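Protein chains in written order, with the working numbering: chain A, 1 to 267; chain B, 1001 to 1307; chain C, 2001 to 2655.
Honestly, the hints are just simulated from the structure, not real lab data. Hints are supplied without guarantee of correctness; some may be wrong.
Calculated pairs, SDA-like style, for lysine to any residue (alpha carbon to alpha carbon, straight line, at most 25 angstroms) [to be verified]:
no.	chain 1	residue 1	chain 2	residue 2
1	A	154	C	2288
2	C	2144	A	208
3	B	1174	B	1200
4	B	1030	A	101
5	C	2302	A	159
6	C	2144	A	201
7	C	2034	A	160
8	A	131	C	2037
9	B	1030	A	201
10	C	2272	A	37
11	A	154	C	2630
12	A	154	B	1178
13	C	2348	A	155
14	C	2272	A	161
15	A	131	B	1293
16	C	2594	C	2034
17	A	195	C	2585
18	C	2302	B	1293
19	A	195	C	2630
20	C	2034	A	155
21	A	131	B	1177
22	B	1030	A	155
The structure displayed is predicted, hence computed values, not measured ones.
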Amino acid sequence: MAHERNIGDTILSVDQISLSFGGVKALSNISFAVKEHEVFAIIGPNGAGKSSMLNCINGFYHPQEGTITFKGNTRRQVRPSEAARQGIARTFQNIALFNGMSTLDNIMTGRNTKMNKGIFWQALRFGPAEKEEMEHRAVVERVIDFLEIEAIRKTAVGTLPYGLQKRVELGRALAAEPDLLLLDEPMAGMNLEEKQDMCRFILDVNDEFGTTIVLIEHDMGVVMDISDRVVVLDYGKKLAEGTPDEVRTNQDVIDAYLGVSHDDEEA
Amino acid sequence: MLFLLETVISGLMAGVMYALVALGFVLIFKASGIFNFAQGVFALFAGLALYDFIATDGWFYELFGFALPVWLGIIATMGVMIIVAWLVEFLVLRHLVNQEPIILFMSTIGLAYFLEGLGDILFGSDVKPLDIGLPQGASDYLLDNFNLYVEKLEVVAAVVAAVLVVVLAIFFQKTRIGRALRAVADDHQAALSVGISLRTIWVIVWSVSGFVALVAGVMWGSKSGIQFSLSLIALKALPVLILGGFTSVPGAIIGGLIIGVGEKVAEVFAGPYVGGAIENWFAYVLALGFLLIRPQGLFGEKIIERV
Amino acid sequence: MGEAKPADGTVDTFPKLLIDNARRIGARPAIREKDLGIWQAWTWQQVKDEVAAMAAGLKMYGFERGDSLAIVGDNRPQLYWAMTAAQALGGKPVPMYQDAVAEEMQYVLEHAEASFAIVEDQEQTDKLLEVMDRCPKLKEIVYKDPRGMRHYDQPFVRSLDSLMEAGRKFLAENPGWFEAEAAKGKGEDIAIMLYTSGTTGRPKGVMLSFDNVVITARNGVAWDKLDENDEVMAYLPMAWVGDNIFSYGQSYVAGFCVSCPESSDTVMLDLKEIGPTYFFAPPRVFENILTQVSIRMEDASKLNQWLYKKFMDVALRVGPQLLDGKPVSFMDRLMYGLGELLVYGPLKNELGFTRFRLAYTAGEAIGPDIFDFFRSLGVNIKQLYGSTEASVFICMQKNGDIKPDTVGPPATDVELKIADNGEVLFRSPGVFVAYYKNDEATKSTKTDDGWVMTGDAGFFDADGHLKIIDRAKDVGKLNGGTMFAPKYLENKLKFFPYITEAVAFGHERDYAAAFINIDLEAVGNWAERRGLAYSGYTDLSMRDEVYDLVAECVDKVNKDLSEDAALSGSQIKRFLILHKLLDADDGELTRTRKVRRSTVAERYGELINALYSGVDVCPVEATVTFEDGRTGTIKADVKIREAKIFPSQQAQAAE
């Protein structure tokens, strides 16, 4: 996509990250840097360590070695709630929504880190909390409008079709007005039309709000079209990094994908 | 006729008590998916602590030479329950994140016995009459005008339970914390990703259920004194939950009332034919029947598996 | 209401009506829109200010008297204002169907010689940009919603906000300009140009004058006693004459508030929130609502099902009589009252129908079951007969005098006659001025003394109600000489919830036969309940069980036909279920979802042949267009069934 954006300085840098589970190395010595306003993709075959990488960034996993620097704060271990407060929001590969709640309430939870009026006021729905609730509701309504999900505002998300659930999940992440948006296989399990919609939303988010996006994708085609830069992982190691064109012609990448092409059928 | 009415009313009042305990279960179950076996012991523990703060034969009096006024005692007890909640999170739950529900359930059984033992060591095992100034005896008004015998305390208990339910409903549905609680109950990972701190939420939930336990402890204690059999009410709460549904606040109330009335009426009218003591097993048989017909309970969410 | 309004013709255009409303009822709401989850309202005074700013802005960017302004988008307040703004400037607003593809838009833009276009959003802007080089007159595109428009740097694409901002500056320096501009308009000026989708040929631009629309709107308002307290939901395409009368003309005349839904997906939810009192919907919408209700009832608890059935029986028996003010026994009244409390009230509330004073339906025949269903609930649904060329109203039903199978007596000031070939002709104040740049078509439709040929065949019943049977040119004859009215047969078929579309054949044939499209939702549901697995429409349509189901419907239609002497000979002898849904994207239906008979006949020639030969199965291949524009083919073996033919009732009686 050739639209102009002001790609800024590095917002996230991952340095020499290694992660293992009980002796099994999930990631070894991974480094890369993501610039502000960029769409950055992490790709690789199944089991390459993509999700583990994402989980390190938002604090679900704590890498044994290496550091992650986000907006100038360097850390190795961070709690997920702390990462969220710093401005990292995410979606999940297997949709993780609050099924008992409505679309509206789900997206409202995305405002969690921005709410600070005391519980007493909230309980009374009065005074400062009332005003705060209205302000948050306004942000959420903009997200609903943006994602064109007005019709399901009051619907319990558990009853929605898959494609819409994905959209609500994206909405919840957007409601946090994040600086960095992590998308774990946003297009998994979608049909062609839904994929196109999702691509459009991702690009629009990046464009309208200037949000930096790091996304994981298993399917190379879609990602190459929407990403500014790509890093390729395989068996927990970094194979290549660069623009989609550079990566596409990289021999290691071609080998890795050819070698594991059967994974596509399983998925 | 009048006798039946009296039986029903006394059943309703007993039901309110069951409901109070069941409510504590529901809260924790809703917010964390944990079946807290220790809820009954919580009520006992809260009652014991309160007694200790306000009586002249407890630790507190011994240490400081005076007893707290009732209202301050209640606040202090609430403080104790919050500390207990925090300790439970810090010492137990924190280390069991993402474990199977059955493991968490087992841990609450351990917790129950630990607290019971602790209460025994700290406060002794004798029955303690709790008097915090709630009205006692029969309502003269009803007795004089309708010839109806109703304990004042039971009326108070009913009112308190009603208020509690309204407050909890508002708390769950209308506040950010309530929304966060429901979020945590639905999906831990997703809740974490939006910046909800599991630890904070758990401390809050257990504190709230500690508060409910305190109310239950006070009511039962005022009625029949604080004694260790209180922890056994926890078992009565189980059929109540099966009837009402594990996730429903109104379910806990209605379930409690049905069991309360059911067992009293059965005892009085059917008891003589089967040799009595129906009260001891009626609730369980009723629950068993319910499990067969409507396993999610009266108000429970239908379990829908999406394919 | 009417008394405050001068009827002497001084307030004879919409800009003048707007100024008058701002003066009379300036603080009352004029239009509402749900935006970001909240209903925003504009009063008549505010609307006047907005319209003035828009008119001034258009003027500043070069919109001239006599220019055409294309308007494209969903129902939005700003787009309605654009109509008045153009009218104030002596221009012609041309609302266009928002779901049309770029090529379809190109024709209208070019033909109407639109110099300006005000569009809703990026999607519509893109379509216009695509065809702009083929529309030489089009010089400015103004968009309402800035979303996604940041990177459009064409100098002729600008935001409505910036245009109105410029207009406001101009107004600040030239107070009274808008009123002076509006005063230049006269009743006989062209108010609007509406392109009819047309079942054949290119769309025609119907020019309606202010007199046409304003007088017709006034007559309609008086007929149904509408006033500023009424509420209307604007959700049908702005390019359609009905919307122009109901949501624009009558709103300006009566002063009632019009609400625009949040999006096309939320209409039913918004309906519930707004609670309109005056409602229009094509039969298809009422039909869908009834289907939804039936489906939901099938999933309801046993108790609710029982209550619903019990009280709907009562309602169907006495509801319509109660609505028409006819006598009903005390017991039935009591039961109906109870039903209102337990069933009808909650149901109407769920549908957003609670406050309906009256609801109209038109455009197609409505199924008697559907009509009766709503009337029995106490919803005052009525039929009307109208056309673009009449500024809508030709015939309309009167309160208390309702029949499901007629369209009522002529509307106020309308003269009607039936030509020898059965065609309905009318003359009224609403008769259109002419087709734009198409004198030939004007001449062939409108006589010199003002009679307009509707192209519909019909007759008056004993009470003076008009009954429409078909398009005049479609009424044909079987080889045996029996009259064959395809639309009549098709409508009878479509009245069954399982059948969504039907195409009947028979002209110059030995017998009548039909193509049928099943309703995927209704039949799908039926199939699921019987544990019938299917992979999609094509698969479902070929099941024998489904054929049995449809055969029952066809048999019932034949039974009905057998009772009518004139039509008994045109019973459907053979039918088939089409392997794909007829689709507007494939050109088989018009945008208003009417069957394009010639296209269907051409495309499915082999299937028609199969209907008239003895074969039981016919292999076919069909091209389909997917929503993203790609095309693909479907292969299938379409089965053909014989239906039961009933002996003519008259003939039997004679024996």
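query: When you check the alpha-carbon spacing of residue 2272/C and residue 161/A, does it fall within 25 angstroms?
result: Answer holds: residue 2272/C to residue 161/A is near 24 angstroms, not above 25 angstroms.
query: Are the Cα positions of residue 2594/C and residue 2034/C separated by 25 angstroms at most?
result: violated, 31 angstroms
Pairwise hint evaluation, residue 160/A against residue 2034/C, where the allowed Cα distance is 25 angstroms at most: Status holds; Cα separation ~23 angstroms.
task: Quickly compare the C-alpha distance for residue 1030/B and residue 201/A to 25 angstroms and report which way the hint goes.
output: Violated: residue 1030/B and residue 201/A sit about 34 angstroms apart, past 25 angstroms.
- request: Decide if the proposed pair is consistent with the structure: residue 1030/B and residue 101/A, CA atoms, cutoff 25 angstroms inclusive.
  value: At roughly 13 angstroms apart (the allowed maximum being 25 angstroms), residue 101/A and residue 1030/B satisfy the hint.
- request: With a cut-off of 25 angstroms on the C-alpha distance, tell me whether residue 195/A and residue 2630/C pass.
  value: holds, 15 angstroms
message: Need the status of pair residue 154/A, residue 1178/B: alpha-carbon distance at most 25 angstroms?
response: holds, 18 angstroms
- prompt: Do the alpha carbons of residue 2302/C and residue 159/A lie within 25 angstroms of each other, as the hint requires?
  reply: Roughly 22 angstroms between the alpha carbons, so the hint for residue 2302/C and residue 159/A holds.
- prompt: Can the restraint linking residue 2302/C and residue 1293/B be considered satisfied, given a maximum Cα separation of 25 angstroms?
  reply: holds, 16 angstroms
query: Is the hinted pair residue 131/A and residue 1177/B satisfied, with a Cα-Cα distance of at most 25 angstroms?
result: holds, 17 angstroms
Pair hint outcome, residue 131/A versus residue 1293/B [Cα-Cα no greater than 25 angstroms]: The hint is violated at about 47 angstroms.
- request: Would you check the hint for residue 2034/C and residue 155/A, treating anything up to 25 angstroms between C-alpha atoms as holding?
  value: holds, 18 angstroms
Taken one by one, the earlier hints fail for this structure at numbers 9, 10, 11, 15, 16, listed in ascending order.
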